[in-house]
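Protein sequence lines, in the order shown, are assigned to chains E and Z.
Quick note on my numbering: the first sequence kicks off at 1 and runs consecutively.
Quick note on my numbering: the second sequence kicks off at 1 and runs consecutively.
The reader is advised that the hints may include incorrect statements.
Said to hold, decoys possible - Cross-link-like lysine-lysine pairs, in silico, DSBU-like; alpha carbons within 35 Å at most: (1) 71/Z / 61/Z; (2) 62/E / 44/E; (3) 71/E / 69/Z; (4) 49/Z / 115/Z; (5) 62/E / 115/Z; (6) 49/Z / 61/Z; (7) 71/Z / 115/Z; (8) 49/Z / 69/Z; (9) 58/Z / 51/E; (10) 49/Z / 71/E; (11) 115/Z / 58/Z; (12) 61/Z / 27/E; (13) 71/E / 27/E; (14) 115/Z / 61/Z; (15) 69/Z / 44/E; (16) 49/Z / 71/Z; (17) 27/E / 44/E; (18) 58/Z / 69/Z; (19) 27/E / 62/E; (20) 115/Z / 69/Z; (21) 44/E / 71/Z; (22) 51/E / 115/Z; (23) 71/E / 44/E; (24) 71/Z / 58/Z; (25) 27/E / 51/E; (26) 27/E / 71/Z; (27) 27/E / 58/Z; (28) 51/E / 62/E; (29) 62/E / 49/Z; (30) 115/Z / 71/E; (31) 51/E / 71/Z; (32) 71/E / 51/E.
Unchecked claim - Listed next, the stretches of chain E that the computed footprint assigns to chain Z, with coverage defined by at least 3 CB atoms under 8 Å from CB atoms of chain Z: (33) 10-18; (34) 31-42; (35) 59-65.
Calculated from the structure, these hints are not laboratory results.
We treat Cβ as the ideally placed atom computed from N, Cα and C, and that holds for glycine.
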Amino acid sequence: NAGVMQNPRHLVRRRGQEARLRCSPVKGHSHVYWYRQLPEEGLKFMVYLQKENIIDESGMPKERFSAEFPKEGPSILRIQQVVRGDSAAYFCASSPGTGNPRGDEQYFGPGTRLTVT
Amino acid sequence: AQSVSQHNHHVILSEAASLELGCNYSYGGTVNLFWYVQYPGQHLQLLLKYFSGDPLVKGIKGFEAEFIKSKFSFNLRKPSVQWSDTAEYFCAVKTHGSSNTGKLIFGQGTTLQVKP
């Protein structure tokens, strides 16, 4: 039973480049959450998506960041024109959603560590 | 604003010592509470959770936590730690309300180092 998969595990980008982070949820899970962990800080919520819908993007920076979860394929977190301050670990989590007794549990992936040089 | 506070940032214990990690949250309504653990080089794993019922919750690997509603606290405990418990521990809260969309609010984490 595969868990949440994220790739790449490590990503190095130069300032101004684009970063694309992928997340494949647990099979059968229709809810995906993205969190960011800055050095010496806890995880901070960024965005919550269901298939083809953004439900809550209250934690997303207003510019340069976008996320999608298409009908087919992984969820993508896209950061355009990266800056040094974007260097962080980005974690994806998935859950079965409402109507499932374990619907409130979120299962986390291993994270993508983004370094901007 | 809703927030979660973990009082201890770095804890060092010897094997067999008892552990208690503090967690407090700020929200007056209904909450679900979680403790996650992140072992070195690994992803976050759920240790235990509280949804309702008995406020004393038992999790994996001998961990337990007690929800004290009047104190807005959910402290993590283990009677006797092992070297393999060396990890980072995160407390998280999910609030219930009209604006709730399922997101977790995390504390800043506590790094536990257990000396053999």
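Next item on the list: Check each numbered hint from earlier against the structure, then list the numbers of those it violates in ascending order.
Entry: The structure conflicts with hints 3, 5, 22, 26, 30, 31, 33 and 35, although it agrees with all the remaining ones.
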